[in-house]
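Number of protein chains: 4
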Amino acid sequence: MYRAAVWGASGMAGGEVLRILAAHPSIEALCAVSRSREGQPVWHAHPHLRASFPDLTFCAPDEALKQEVDIVFLALPHGTSAPLIKEYLSRGSKVADLSGDVRLKSPSDYEKWYGAAPAHPELLEQAVYGLPELHREALKETSLASGVGCNASCSILGLYPLAGAELLKDVRIEVRVGSSEAGATPTIGSHHPYRSRTLRLYEPFRHRHLAEILQELRLSEECVTLSMTAVEMIRGVQMIAHISLARPVKEAEIWKLYRAAYSDEPFVSFCPARPSHLRLPDPKLLTGSNRALTGFVLHEDGTRLIVVSALDNLMKGAAGSAVQSANLMLGLPESEGLGMIPVYPA
Amino acid sequence: MYRAAVWGASGMAGGEVLRILAAHPSIEALCAVSRSREGQPVWHAHPHLRASFPDLTFCAPDEALKQEVDIVFLALPHGTSAPLIKEYLSRGSKVADLSGDVRLKSPSDYEKWYGAAPAHPELLEQAVYGLPELHREALKETSLASGVGCNASCSILGLYPLAGAELLKDVRIEVRVGSSEAGATPTIGSHHPYRSRTLRLYEPFRHRHLAEILQELRLSEECVTLSMTAVEMIRGVQMIAHISLARPVKEAEIWKLYRAAYSDEPFVSFCPARPSHLRLPDPKLLTGSNRALTGFVLHEDGTRLIVVSALDNLMKGAAGSAVQSANLMLGLPESEGLGMIPVYPA
Amino acid sequence: MYRAAVWGASGMAGGEVLRILAAHPSIEALCAVSRSREGQPVWHAHPHLRASFPDLTFCAPDEALKQEVDIVFLALPHGTSAPLIKEYLSRGSKVADLSGDVRLKSPSDYEKWYGAAPAHPELLEQAVYGLPELHREALKETSLASGVGCNASCSILGLYPLAGAELLKDVRIEVRVGSSEAGATPTIGSHHPYRSRTLRLYEPFRHRHLAEILQELRLSEECVTLSMTAVEMIRGVQMIAHISLARPVKEAEIWKLYRAAYSDEPFVSFCPARPSHLRLPDPKLLTGSNRALTGFVLHEDGTRLIVVSALDNLMKGAAGSAVQSANLMLGLPESEGLGMIPVYPA
Amino acid sequence: MYRAAVWGASGMAGGEVLRILAAHPSIEALCAVSRSREGQPVWHAHPHLRASFPDLTFCAPDEALKQEVDIVFLALPHGTSAPLIKEYLSRGSKVADLSGDVRLKSPSDYEKWYGAAPAHPELLEQAVYGLPELHREALKETSLASGVGCNASCSILGLYPLAGAELLKDVRIEVRVGSSEAGATPTIGSHHPYRSRTLRLYEPFRHRHLAEILQELRLSEECVTLSMTAVEMIRGVQMIAHISLARPVKEAEIWKLYRAAYSDEPFVSFCPARPSHLRLPDPKLLTGSNRALTGFVLHEDGTRLIVVSALDNLMKGAAGSAVQSANLMLGLPESEGLGMIPVYPA
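Protein chains in written order, with the numbering used here: chain A, 596 to 941; chain B, 596 to 941; chain C, 596 to 941; chain D, 596 to 941.
No wet-lab data here; the hints were simulated from the structure. This structure is a prediction, so every number in the text was calculated from the model and none was measured. Accuracy of the hints is not assured; some may be wrong.
Note: identical chains are not told apart, hence a pair may lie in one copy or across any two.
What the hints assert, rightly or not - No farther apart than 30 Å at their CA atoms in a straight line, the calculated lysine-lysine pairs in the DSBU-like style are these: (1) K700 to K845; (2) K764 to K700; (3) K764 to K845; (4) K845 to K707; (5) K845 to K735; (6) K661 to K707; (7) K661 to K681; (8) K845 to K661; (9) K735 to K764.
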C-alpha cells in the first residue's frame with residue numbers, strides 16, 4: 596500500500612482526490628492537509644466522505660511534512676506548489692501537482708500567462724504534463740507529473756488526433772464549465788442567485804488554459820481562439836471547436852484518426868455516428884467518472900468541422916488524471932481505483 | 596409625482612423596489628442609497644435596470660439625507676433602520692421599513708427573537724405591519740409601515756382566514772425558499788456548487804419569522820412549528836402547513852372562509868378545486884409579480900388539513916408589499932405600479 | 596381598442612402573446628384559439644394568466660373564424676399558417692405569423708429548409724420579416740409580418756451592424772437555448788431527467804434558422820456556420836459568434852457601427868466596455884422583457900472578434916417582436932404594451 | 596458468478612440495476628429485457644453505460660425466458676410483475692421485484708391502494724419487504740424480495756427507530772422527490788419548462804407509498820399524514836417528519852434509539868449534532884450511492900420532533916436496496932457491489 600499526502604485537501608480538487616483514494620486498492624490517504632481546517636474531521640469539509648473517512652482529520656502543513664509518503668497530491672493555488680515539489684522530490688516522493696505551477700514547459704510562457712517568473716524554472720523541464728493519453732511512457736519514468744487544466748485537458752483530448760495530422764488551420768474553441776471549476780471559495784460570481792442559470796462569458800481570448808492547449812497540441816496562438824462560458828452545471832466541461840481544416844477531407848479520414856488515437860485508451864472514447872443524438876458528447880453522461888468523450892460532425896464541404904469533447908472537470912479534468920498519472924509513476928496499473936461508472940441521470 | 600429614497604438600494608430587496616418604482620406612475624426613485632457603491636451607476640448592481648435607470652447613480656447616506664422626499668424605503672439589515680425611521684418621520688416623510696426593526700409590536704418579543712432590545716421601542720407601537728390584507732385601514736392612516744418577512748407573509752396569507760375562525764389546533768409549517776431570500780452577499784451557504792439543488796433545512800423551530808406569524812395570527816408558540824428548507828430556486832416562497840383542526844369541518848366551511856377573506860383582494864387568490872394539479876399553488880406561477888396564491892386539501896376525516904401558499908419573496912414577500920403599503924400611506928390607489936403579470940414558465 | 600385573435604393560444608408562444616395583450620392598452624385578446632383545449636379556461640393552460648383572463652376560454656377554429664378581428668397572431672406549426680394568412684388578409688385583417696411559413700423570401704429557399712414547396716408562394720413576397728430593427732418602415736406599410744426564429748433574431752441583431760459594413764469573412768455561430776424554445780409538447784428530449792443540466796448539441800450546420808440569418812444579413816452559406824446547444828435554462832437565447840474579419844479593424848470602428856445601428860432603438864442595447872463582466876450579455880438579464888443586448892470583444896490582432904447577443908426567446912425572439920410588428924402595422928406606438936422590465940435575478 | 600436477468604431494463608430503475616451489476620463482483624447481467632427496444636444496444640437507452648456494456652443488447656421477453664438465471668430483477672410497472680414472479684420462482688430463481696406488486700402483505704390493502712385485487716395473492720404472503728435494515732434474516736431465507744417505494748423506504752428508515760419505541764403520536768410527513776422518480780417516460784408533468792424549479796404538491800394524503808410506511812412501521816392511518824412535493828432535482832428523496840411525541844423525551848433517549856438501530860448498518864447513518872448545518876441530511880450528499888442518512892432536532896418542549904432522512908431514490912430507494920436484498924438471498928456479502936461513494940458536489 597502506497598502512502599499519500601493530499602495538500603489543499605479541503606478544496607474541491609483535493610476532496611475529489613480523497614474520494615478516489617478512499618476506494619483505491621493500492622494508495623492510501625495518510626494525511627489530508629489544510630491550514631484553515633486543521634484538526635477538523637475531513638468530513639466537515641466533504642460531508643459525502645463521512646463513511647469513507649470517519650476518523651481522518653485535516654492536518655497542518657508542518658505535521659504533514661513530518662510524514663513519510665510515497666506520493667503527494669498538491670491541490671493548491673498556482674505559485675504555492677513549487678517549493679513543496681522541491682521538498683518532496685528531494686525526499687524521493689513522487690509528486691502529482693494539480694496546480695498550474697509546472698504545466699508549461701517554457702519559463703517565458705509561464706511568465707506570460709501567470710504574470711510572474713516561475714519560482715523554480717528547473718521544475719518546468721522536469722515535469723511531465725499529466726495527461727497519460729499524450730505522455731504515458733514519460734509518466735512511467737518521471738517523479739513529477741503536472742496536473743491538467745480542466746478546460747485544457749478537455750480541449751486537448753478533443754483535438755489531439757487532428758493536431759498530429761496537421762489538419763487544423765483555424766480553431767475557435769468554446770468551452771462551457773460548471774461552477775465547481777472555480778473551487779470552494781464563495782465569490783460574487785459564485786453567488787447562487789447570480790450564478791444559477793447564467794451564461795456568463797469570461798476571459799475571451801486570454802484564459803490561461805489556452806497556453807496548455809497550444810503547448811500540447813503544438814499550435815500557434817494565431818490559429819486558436821478560446822472563450823469560456825460559465826453555465827448552469829456543477830460538474831462538467833464541454834468543448835465545442837469550430838474548425839477550418841487545412842484541406843478538404845472525407846469523414847473516413849477523421850474517423851481513422853480518432854480510432855488510431857483512442858481505440859485502446861481506457862478512459863477516452865469517441866462517439867459513433869449513430870444514434871445521432873449521442874454523436875456530440877454531453878458531460879452529463881460522465882458525472883463522477885474518469886472518462887472523456889469526443890465526437891465530431893463534418894460539413895458537407897469537407898473543410899468545416901465541429902469537434903465536441905466532454906469530461907467531469909473534477910475527475911478526468913483534475914483529480915482523476917492526477918491519480919492516473921500517479922498510478923503510472925508508481926508502477927501501478929494505470930486504471931486502478933478509477934473505474935467509477937458515471938451517475939446518470941443526475 | 597411623489598419622490599422616494601431607497602436605502603439599501605444595492606441589495607436584492609432594494610433593487611426590487613427600484614424595479615417597481617421604475618414603472619410606477621406616481622412615485623419616482625429620487626435617490627438610491629448605497630454606502631459601498633456610492634457613485635456607481637445603479638445598473639452596475641442591477642444590470643437588468645440599465646434601460647430603466649440609465650443615469651441614476653448610488654448616492655451616499657449623507658447625500659441622501661439632504662434630499663427632501665415624500666416616502667422612503669429602508670431595505671436595510673435589522674438594527675440599522677430604526678434611527679433612520681426616526682429621522683424621516685421627524686421630517687414628515689412616510690416610511691416603509693423593509694427591515695425587521697418594527698415588525699413586532701412587543702419590545703420583549705423583539706428582544707427574544709432579535710437578541711437585543713429595540714433601539715426605539717416607541718416605533719414598535721407606532722408601526723403598522725405592512726400587509727394590507729390584514730391592516731389596510733391602519734396603513735391608510737399611518738406614516739410608518741413595517742416590512743414583512745417573506746416566509747411570514749406567505750404563511751400569514753395562507754393561514755389568516757383559518758386563524759380568525761379559531762380552527763387551528765396544531766400547525767406544522769414547512770417553508771421552502773429560493774436563494775434570493777438570503778440577499779446579495781456571497782456566503783459558503785450561497786456558493787453555487789453547494790447551494791444548487793440542495794435541500795437544506797435550517798433554523799428548525801426558531802426562525803425569526805415565526806414571531807411575525809404568531810403575532811399576526813394571534814396564535815401561541817405551543818401550537819405552531821416552523822421549519823425552513825432552502826431549495827433550488829432563486830425567487831419564491833412556498834408554505835405547506837399540516838394542520839390539525841380544532842374540530843371536524845366540511846370542505847364548504849373552509850371555502851367560505853377563504854372566499855370571505857380574499858374574494859376582493861387585488862393580489863391574493865385562492866385556488867379552485869379544479870383542475871386538481873393547480874389546487875395547491877406553486878411559486879413558479881408567480882415569478883416577478885406581486886401576487887400570492889393559497890390552496891388547501893382537507894382529509895376525509897375532516898380534521899386534517901393541508902394548506903399551501905406561495906408568493907415571490909422579493910415582490911409580495913418584500914418590495915411589492917412595501918410599495919403596496921406605500922401606496923396606501925400616500926393615498927394612492929393600492930395596486931398602482933404593481934400590475935406585473937407573472938413570467939411563466941421561467 | 597383593436598381586437599385580436601390568437602391562434603395556437605395554448606402553446607408557449609401563443610401564451611406569451613396573451614400575456615402581452617393582457618396589459619396592452621390598445622389591443623385586446625378577443626379570442627384564444629385551441630383545437631385541443633376548446634372550451635377550457637385559458638388559465639388551465641397558462642395558470643399564470645388566471646388573474647388576467649379569469650373568464651376567457653379557448654375557442655375552436657370555426658368559432659374563431661366567425662369573429663371579426665383587426666389583427667391575428669398565428670402561433671402555429673409551420674405549414675399550417677399559410678391558409679389562415681390568406682383567409683385573414685382577404686378579410687382585411689392584419690396578420691402577424693409566428694410560424695416559419697413566410698419568413699423566407701425565396702420559394703426555393705423555403706423548399707430547401709422546410710422540405711416542401713410553400714403552399715402559397717405569393718405570401719413570401721408579400722410578407723415583411725418581423726424584425727422592426729431591420730424593416731420598420733416596411734412593417735408600417737404591410738398587412739403581413741412574419742415571425743422571427745428566436746435563434747435567428749438573436750443572431751441577426753448581434754451581427755447586423757457588422758454585416759452592413761462588409762466586415763464578416765467567416766462567422767462561426769454557437770447558439771444556446773432554453774427549453775421553452777421547443778414548445779409545450781413533452782418529448783423524450785424535454786423529459787426533465789434528461790433535459791436538465793444537459794449540454795446537448797443538435798442540428799449542427801443545418802438548423803432552419805440559419806436560412807433566416809443568411810437572408811437578413813445577406814451572407815452566403817459558405818461563410819456562416821451555425822450550431823445549437825440546449826442548455827439548462829427555460830427562457831433565453833444567447834449567441835456567440837466567433838468572427839474572422841475581412842480586414843483588421845480598431846475597436847472604435849466596431850463601437851461606431853453598433854452605436855449607429857442601435858442608439859435609437861427602443862429594445863436593443865449594446866453593452867459598454869465597462870464593467871467588463873457585463874460586456875458580453877447574458878440572457879438571464881432579460882427574462883420576461885422584450886429587450887435584446889449585444890456586446891463584443893476584439894482580439895488584439897484586430898481580425899478576430901467575438902460577438903455575443905442575448906434575448907428572451909418567448910419575448911423579443913417570438914411574441915414580443917410579433918406584438919412590436921403588430922403595433923407598427925396598426926399604426927400604434929411601436930413600444931406600446933412592451934415595457935416589461937426584466938425580472939432579475941430569477 | 597451468478598447470472599441475472601433484468602426486466603424493464605430500459606427504464607430508470609432497470610438502468611440503475613445494470614449500473615450496479617456492471618461492477619458487481621458476483622452477479623452478472625446476462626440479459627436486459629425491453630420489449631420496446633429489443634435488439635438495440637443497451638447503451639442507446641443508458642449512454643453512461645457504453646463503456647460498461649459495449650456489446651449487450653436488449654432482448655425480448657420471449658428470449659429472456661429461454662435463459663436460465665439465478666436471480667431476476669423486475670423493474671416493471673405494478674400489475675405486470677406478478678406472473679413473472681410465479682414463473683421465475685417455479686424455475687428456482689431468486690426474484691427481486693422492484694414493482695409494487697408484492698410490497699403489501701394484505702390483499703385488501705393491495706386492493707385499496709392499487710385499485711385492483713392482486714393477481715396472485717399468495718405471493719404477498721411469501722414476499723419479504725426488501726429493506727434489509729428491517730428484514731435482514733428473512734431476506735436470507737426467502738426467494739422473493741419485494742422492492743421498496745423510494746418515498747416509503749426513505750420515510751421508514753427515518754422513523755423506524757422511533758416507531759419501535761411507541762413514541763409516535765402524530766406524524767406529518769413531507770417528502771420531496773426528484774424527477775427521476777417518475778421514470779423514463781415523458782409526460783406533461785415532466786416537461787422541462789414546467790418541471791424545472793417547480794414545487795408541485797401531488798397526491799396529498801393518498802400516495803401509495805403511505806401503505807408501505809404504515810405496514811412497516813405498524814402505524815395506523817389516523818396518525819400518519821403524507822404529502823409529496825416534486826422539487827428541482829433529478830435524483831434524491833428527502834423526508835421531513837413533523838412529529839408529536841406520545842410523551843416528552845430527552846434528546847439522549849432519541850440518540851439512543853438511533854444508535855441502537857443504525858450503528859452497525861452498512862448503509863444507514865445518523866447525523867451527529869455537530870456541525871449543526873449537517874445535522875438534518877440533504878440527499879445531495881448521497882448522489883449515486885446506496886447510503887441513507889437520518890437526523891433529528893427535538894424542540895425544547897420535549898414533545899415536538901423533526902426527523903429528516905435522505906437517500907438516492909434510484910439507489911437505496913430502488914435498485915440499491917434490490918441488489919442488497921439479492922445479495923442476501925444469494926448468500927453473498929450484503930454490501931457487495933454497493934460501495935459507490937457519493938458524487939459531491941454534483
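At most 30 Å between CA atoms: does that hold for K735 and K764 within a copy, between copies, both, or neither?
neither (33 Å within a copy, 47 Å between copies)
Status of K707 relative to K661 across identical chains (alpha carbons, at most 30 Å):
neither (36 Å within a copy, 50 Å between copies)
At 30 Å max between alpha carbons, let me know whether K845 reaches K661 within a copy, between copies, both or neither.
Answer is neither; intra-copy 59 Å and inter-copy 45 Å both fail.
Up to 30 Å CA-CA - K845 versus K700, copy category
Neither, since 35 Å and 34 Å both go past 30 Å.
Given a CA cutoff of 30 Å, do K764 and K845 count as a within-copy pair, a between-copy pair, both, or neither?
Both: 16 Å inside a chain and 24 Å across chains, each within 30 Å.
With identical chains treated as interchangeable, where does the CA-CA distance between K845 and K707 reach 30 Å or less: within a copy, between copies, both, or neither?
between (39 Å within a copy, 24 Å between copies)
What label fits K661 with K681 when the C-alpha limit is 30 Å: within, between, both, or neither?
within (15 Å within a copy, 62 Å between copies)
When no copy is specified for K764 and K700, does a C-alpha distance of 30 Å or less occur within a copy, between copies, both, or neither?
within (24 Å within a copy, 35 Å between copies)
Intra/inter-copy verdict for K845 and K735 if alpha-carbon distance must be at most 30 Å
For K845 and K735, the Cα distance exceeds 30 Å both inside one copy (37 Å) and across copies (49 Å).
Taken one by one, the earlier hints fail for this structure at numbers 1, 5, 6, 8, 9, listed in ascending order.
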